[in-house]
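K.L.:
Letter by letter, the chains look like this.
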Amino acid sequence: MRCAVVQFPGSNCDMDAVKAINHAIGESADIVWHTVASLEAYDLIILPGGFAYGDYLRAGAIARFSAVMEAVAHEAERGKWVMGICNGFQVLTEGGLLPGALRRNESLQFRSEIATLEVVNAETAFTRHYRAGETIRIPIAHGEGNYYADEQTLLRMRERGQIVFRYAREHNPNGSVDDIAGVINERGNVLGMMPHPERAVHERLGSADGARLFTAIFESWREAYAKR
Amino acid sequence: MNLLAKIYVTLKGSVLDPQGAAVTHALHALSYDAVRDVRIGKYMEVSLIAASETEAHELVRGMCERLLTNPVIETYTYELAEVEQ
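Those protein sequence lines, which keep their order, are chains A and B.
For the first sequence, numbering that gives the first Met the number 0 assigns the number 0 to the initial residue and increments by one for each residue that follows.
For the second sequence, numbering that gives the first Met the number 0 assigns the number 0 to the initial residue and increments by one for each residue that follows.
Treat the hints with care, since some could be wrong.
[Claimed, not checked] Here's a subset of chain B near chain A, in silico, CB distances under 8 Å, partners left out:
| id | residue |
| --- | --- |
| 1 | Ala21 |
| 2 | Met62 |
| 3 | Leu66 |
Quick caveat, the hints were computed from the structure, so don't treat them as lab data.
Just so it is clear, the structure is predicted and the values come from calculations on it, not from any experiment.
Just so it is clear, CB atoms sit at the ideal spot from N, CA and C, and this is done for glycine as well.
Let the hints inform the model, and build the full structure from the sequences given.
P.N.:
Okay, structure coming up:
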């Protein structure tokens with residue numbers, strides 16, 4: 000599986016993502032600079048955490064207009080897997096690849112801690128190695144993770160299984176509507192989440208629960224590849 | 000012509016504004032009991048050159064909708080005026 004981790008000026012979880020891929024599935028990953036115009040060679044594209052372009056104006060607002068984002072949109076259109084983690088999630092919502100928006104945390108505080116999540120949809124290419132309703136522990140580190148979508152959009156997302164992860168009841172760290180921590184597009188190939196699975200791939204990091212996201216996408220790729 | 004656009008970006012009415020809520024509390028603590036609500040937004044000044052006012056309006060609306068605001072959660076108003084060079 001060919002993996003790309005996009006690097007924007009201000010990304011800071013890019014190497015964590017590369018190492019998580021190495022560790023969890025034994026694959027290598029290329030760091031791809033934000034000026035790259037084609038991502039055709041890749042099966043999985045990760046938009047990592049950080050503060051792309053300083054998060055000036057709004058988180059992700061400037062990054063979404065970088066050259067590489069056209070390539071990301073193009074590959075998403077072709078059905079490639081795209082995963083936005085934290086700042087990457089913000090870039091995907093700003094760019095319209097995922098519904099909704101991420102606002103400043105309700106507490107106005109930056110929250111860095113291990114969050115307890117509920118796997119809401121375990122039937123996606125990214126979450127098939129979890130059980131629906133399973134509780135997992137994944138770290139968060141963000142100041143603007145307060146997910147918002149209007150009622151109508153939320154209704155549609157619920158009907159289509161687009162809410163993939165929720166913060167455990169009574170443990171919503173940022174005020175997200177419906178306790179939403181991660182969402183997927185209708186087609187099921189673009190995932191965005193505020194928690195950092197790449198920081199939870201080994202018990203020594205405090206949790207290994209994030210590793211199954213990478214093993215799941217690897218298995219999905221193997222199945223798709225075998226059919227070709 | 001040289002123009003100056005004064006752009007005001009605010010969160011949509013339906014979107015909770017935690018900063019505004021914190022400031023409302025602070026004002027109440029200072030006994031400004033008259034204060035009912037505070038909404039915090041952004042103010043931007045964009046200097047631009049356009050052939051006509053119509054063109055300038057189009058440009059400003061375009062930049063507001065594409066970059067300066069996120070229409071999912073924000074809304075904007077602006078004032079446009081001709082200025083000396």
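K.L.:
Could you check the structure against the hints above and give me the numbers of any it violates, in ascending order?
P.N.:
Violated: hint 2 alone.
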